[in-house]
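2 protein chains.
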Amino acid sequence: MAVLPLKAIERLLRKAGAKRVSKGASVEFAKYLGEFAGEIASEAAELAKHSGRQTVTEQDVLMVRKIRRR
Amino acid sequence: MAVLPLKAIERLLRKAGAKRVSKGASVEFAKYLGEFAGEIASEAAELAKHSGRQTVTEQDVLMVRKIRRR
Chain A
8 MAVLPLKAIE
18 RLLRKAGAKR
28 VSKGASVEFA
38 KYLGEFAGEI
48 ASEAAELAKH
58 SGRQTVTEQD
68 VLMVRKIRRR
Chain B
8 MAVLPLKAIE
18 RLLRKAGAKR
28 VSKGASVEFA
38 KYLGEFAGEI
48 ASEAAELAKH
58 SGRQTVTEQD
68 VLMVRKIRRR
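Top to bottom, those sequences are chains A and B. Basically my numbering = 1-based index in the first sequence + 7. Basically my numbering = 1-based index in the second sequence + 7.
One or more of the hints may lead you astray.
When chains are identical, the list treats them as one kind, so a pair holds in a single copy or across two.
What the hints assert, rightly or not - In silico DSS-like pairs for lysine-lysine, Cα to Cα no more than 25 Å straight-line: (1) Lys38 - Lys22; (2) Lys56 - Lys73; (3) Lys56 - Lys14; (4) Lys38 - Lys14; (5) Lys73 - Lys38; (6) Lys26 - Lys14; (7) Lys30 - Lys14; (8) Lys30 - Lys56; (9) Lys73 - Lys30; (10) Lys26 - Lys73.
Because the hints were derived from the structure by calculation, they are not lab data. In this text the structure is predicted, and so the values were computed from the model without any measurement.
Make the full structure from the sequences, and use the hints.
Here's what the structure looks like:
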C-alpha cells in the first residue's frame with residue numbers, strides 16, 4: 008500500500024536532516040511505512056473483535072501502541 | 008505530522024477487518040503513523056551522516072528496519 012507519495016517522503020526525510028535523498032530510499036521508506044500501517048490496522052481491528060466490539064476505537068489503537076511499546 | 012487523511016485511515020482499518028471505525032481511532036492512528044514516520048526519517052538521516060554520506064539511501068532505510076527488527 009502506498010501510504011504516502013514519494014515526494015512527501017522525500018520532504019519528510021529532508022525535514023529530518025537529510026541533505027539528499029535517493030529515489031530508492033523514498034521507495035523503501037514508503038514500503039516500510041505501508042507495511043507498518045497495515046500491521047497496526049490489522050492489530051487494532053483484531054483487538055476490537057477480541058473485545059467483542061464492532062467498532063475500532065481510539066483505545067484499540069492506543070493498546071496496540073502500548074503492547075508494541077513504541 | 009498528518010501522514011494520511013482520516014478517510015484513508017478509516018479505509019485502511021476497514022480493509023483490515025474493522026466493521027466500524029470511531030473518529031478518535033482514525034485520529035489516534037494518524038498520530039501514531041506520523042510519529043513513526045518521523046522517527047524512521049530521523050534515524051535514516053542520522054545513519055547516512057553516521058556513514059559519512061550526504062545522501063540518504065535505500066540501504067539506510069533497510070538498516071533502520073533491520074536494527075528495529077520489524
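So, going through the hints one by one against the coordinates:
1. Both within a single protomer and between protomers do Lys38 and Lys22 lie at most 25 Å apart by alpha-carbon distance, with minima of 19 Å and 18 Å respectively.
2. In this homomeric assembly, Lys56 and Lys73 come within 25 Å of each other (Cα to Cα) only inside a single copy, at 18 Å, whereas the closest approach across copies is 31 Å.
3. Taking identical chains as interchangeable, the C-alpha atoms of Lys56 and Lys14 lie at most 25 Å apart only when they sit on different chains, with a minimum of 21 Å there against 36 Å within one chain.
4. In this assembly of identical chains, the alpha carbons of Lys38 and Lys14 lie at most 25 Å apart whether taken from the same copy (14 Å) or from different copies (20 Å).
5. Taking identical chains as interchangeable, the C-alpha atoms of Lys73 and Lys38 lie at most 25 Å apart whether they share a chain (23 Å) or sit on different chains (14 Å).
6. Taking identical chains as interchangeable, the C-alpha atoms of Lys26 and Lys14 lie at most 25 Å apart only when both belong to the same chain, with a minimum of 15 Å there against 33 Å between chains.
7. Only within a single protomer do Lys30 and Lys14 lie at most 25 Å apart by alpha-carbon distance; the minimum there is 10 Å, versus 28 Å between protomers.
8. Taking the closest pair of Cα atoms, Lys30 and Lys56 come within 25 Å of each other only across two copies (18 Å); inside a single copy the shortest separation is 39 Å, beyond that limit.
9. In this assembly of identical chains, Lys73 and Lys30 lie within 25 Å of each other by CA distance solely across copies; the values are 20 Å between and 33 Å within a copy.
10. In this assembly of identical chains, the alpha carbons of Lys26 and Lys73 lie at most 25 Å apart only when taken from different copies (23 Å versus 34 Å within one copy).
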